[in-house]
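J.: Below are the chains, spelled out letter by letter.
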Amino acid sequence: MTLLPDPLETSLLVLMFWGMMAVLGFFILRISRTFLSPLLFLLAAGGVTLASSGLSGLTSPADLHRVVPGGLPGLPFHFRQDPLSSFFLLLLGGAATGILIFSAGYLRSLPTLRIPSFFLRTALFLASMEGVLLADDAYLFMVFWETMALVSYALVVTESNREEVRNAGYLYLLMAHFGSLLILAAFFFLASREPPGLAPGLSAFTFEAMGKSNPTGGVALLIFVCALLGFGAKAGLIPLHVWLPEAHPVAPSPASALLSGIMLKTAVYGLLRVSFGLLGPGHLNYSWGVPVLLAGGFMALFGILHALLQSDPKKLLAYSSIENIGIIFLGIGLAILYIRSGHPVAGELALGASLYHAINHAFFKSLLFLGAGTMIHASGTNDLNTMGGLLRRMPFSGVLVLGGILCISGLPPGNGFVSEWLLLQASLQAGTLSGTLLRSAVLLGAALLVLASALAAMGFVKFYGIGYLGIPRSEGAQKAHEVSIPERIGMAWLMAGCLLLALLPVQMLKGIDIVLHSLTGTSLPTATLSSGWLWLLPLPPQGASYSPALLLGLLGLLLPLGGFLPRVFGRSSFRKTPVWGCGYEIRTPRMQDSSGSFGQPIRHFFANFFLMKRHLPDPSEKDPVFELTVEDPHWAFLYRPAFRLFQGLAALAERVRTGRISVYLVYSFGTLILLLTVFRWM
Amino acid sequence: MPPPFPQHLLANHLVGFLGSALLLSSFAMLAQRRMTSLVRIFALQGILLTLSTLAVAILSSESHLLFSALFTLAFKVVLLPAILFRLLDKLHIQGEVESLVNVPSTMVLGLGIVVFSFTLAAPISELASTVSKGLIGVGLASLLLSFLMMITRRKALTQVLGFLGMENALFFSAINATYGMPMVVELGVAFDVLVGTFVFGIFFFQIRETFESLDLKHMDTTSME
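Going line by line, the protein sequences match chains A and B.
For the first sequence, my numbering gives the first residue as 1, with consecutive numbering after it.
For the second sequence, my numbering gives the first residue as 1, with consecutive numbering after it.
Simulated restraints on C-beta separations:
#: 1; chain 1: B; residue 1: V108; chain 2: A; residue 2: L652; range: 26 to 36 Å
#: 2; chain 1: A; residue 1: G659; chain 2: B; residue 2: L111; range: 24 to 34 Å
#: 3; chain 1: B; residue 1: D192; chain 2: A; residue 2: L24; range: 51 to 61 Å
#: 4; chain 1: A; residue 1: S192; chain 2: B; residue 2: V184; range: 42 to 52 Å
#: 5; chain 1: A; residue 1: G659; chain 2: B; residue 2: M107; range: 22 to 32 Å
The hints are simulated quantities; they were obtained by calculation from the structure and are not laboratory data.
Even for Gly, the Cβ is constructed at its ideal location relative to N, Cα and C.
Let's have the full structure, built from the sequences with the hints guiding it.
T.: Written as structure tokens, this is what we have:
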């Protein structure tokens, strides 16, 4: 018996702390704004505590639960922290800490922001996300899930005086409701079978009872589809993704980081919880993995292609989130496929890679959203085409963003590389599968993954190249200045997280292995886990291996060498001269490569993925303007027709309402006759 | 439980006769073109209702039905027709009933409804254990006929009469199916109808002052446009 609280107690304390801080902070900030930084640091302290709680939950695999009075009669609140929760708590606490520290500096620089309510929303948002991860009955889960949806809506519409923000918020709310409905349906189907040995009634809605529900094949499929679409709507599963690139960018940057970096992962958590936790791997069918896998691969490609064409850096990042969630889904699909067709090692590896990518994405995407916030704030616009040359003016944050970009592009030795490489290793085990179709589906997924990560690298070269390099394209970019100290600390925190994840993959996999073991009952090969910190061997003994630390060391040696060699063999001194202007006499910032020109080849090669409207001016036009709009084809082919159909039905229904009393009476009369008929003859 | 059906052939026939007379009066209301006659038929319906309540009361020796009969007489034969006649007088309504659907078609529709009601009521009549169970179909038919009148007539006053006719039919059905509703309910309904008629009366004055007519089409503006 120790005096220290166990991980679940710690997490619950953080939950209460965040909830209380939300209200307290709101009232304190209404009196004075000067307390903003201390309050945010307190929240961040909660984040650190939560991360440590998650970490200790991962190192000592204990299954902790606690029943708290409240809730519905017969269904008190159940909380539980198992390894899966612990893993996502670590993700939440770790990423939130950096974002909160950053906010302490960033929010002060936003004069129009209503600080008290923004603080309230942020703290509540964090608390509700944590609640989702800790809930152990369907009721409590939905309470937190809906709170999270509502509060995140409030965060999205922070700048509600702009119409596009309101529209994005509305779209988001609509999708959130759609998703919640499906999640509720999944829970309903899980709870509808009375588990043996438990009292009937509301206790069927505890996750423990649901875990024993043992549904038949068809019902299990229904549950899985409901969960996939329901959580997919939150995670940006195509075609339910349209809200994501609209809603994430319009929130203030720390809020975007929370939404994209963390909230999307709660959806991943929910999907894993329902499919692997409640339904159990025994009820999954290997063939369900194929659509999930291919959907994930398509999402990755689609997301990154659209990201490449964006000129709003935050929109670019939002589309890239779709890509990353696609990679995570690809891993989940692969895991279902492998595990259920008798290849547990490859399956564990795929699922582990998914989890790894989830936490990676939380860190580097948060970092990049914060970075985009500093870019937008410094240059005063949200268009990459008016930025440029920011690195010279913001060297510290610029370097951190560069680090984030290397990670998200999946370049070694970044952390993105580790998870994508692991996923690729798992995909390359396709040869062990029986059936050509299955094998080719997996390999197609792998090809999509590789293509998407290569394109991601291109997209982020654009992000960084147009934004930070070159010469300033506008006066705003010219006057950009370095960010405040807390902002730098926050970004550095996230960068440090990325580095840890990049350099200690074996340690990380040990933690993930505990999650995998609790979910599926099998583990990663012991050789992988006991190979020491230096070398990562995902598929011992003959599989490929990777050592991030050695690679980093090698790069550390080679890079200075690259700088050194020219000095030895080339001219002895460096000189600064104007950039060669290709013989042109005039050079303006507008002559640099632009965001649009960077995306042009992609737009050309992958024309099927976009809906383009091009207006080429006629030679005779007096005021020739070249116009190009690129749209997500889902709007034109799915959403607008659906909307028109809905409107048509509504117009049809409207015709019932003639406004004539006699007609209304006829309705009553007809209904009466109909009911009597039904009563008599049915 | 009520006593078993007494083999009182004459009384039984009497109840049946009164029932058919009620149905006939409903048809008469549907066919009637003059407003004053309509109110008179309504009063006649009240008398028939009183008589049939009395008959059922005597047949089944349920004493509370005697009170029901008394109330029916007071309200539906004396009070309501008096109010309606006063309304007609004050509003200077003597003219024809204007209908949306012409009278012959309404009659044909009405016939269909009667057939429908009887088919519908057949199994219910089997279940009921009252003396006059065969008449549930009659009650249902009169109810639907009154409803039909509400639909097919144009003036607001005819709507009220249709509404009152429905109430009569309901009452009739209740008596025949279950020996009437509890006294409190019956009293309550009776007063409701009375108050309703008063309110309608006041409305009519207001409506006529606003639209200078009692035609329903002037009130057909509940839609947004």
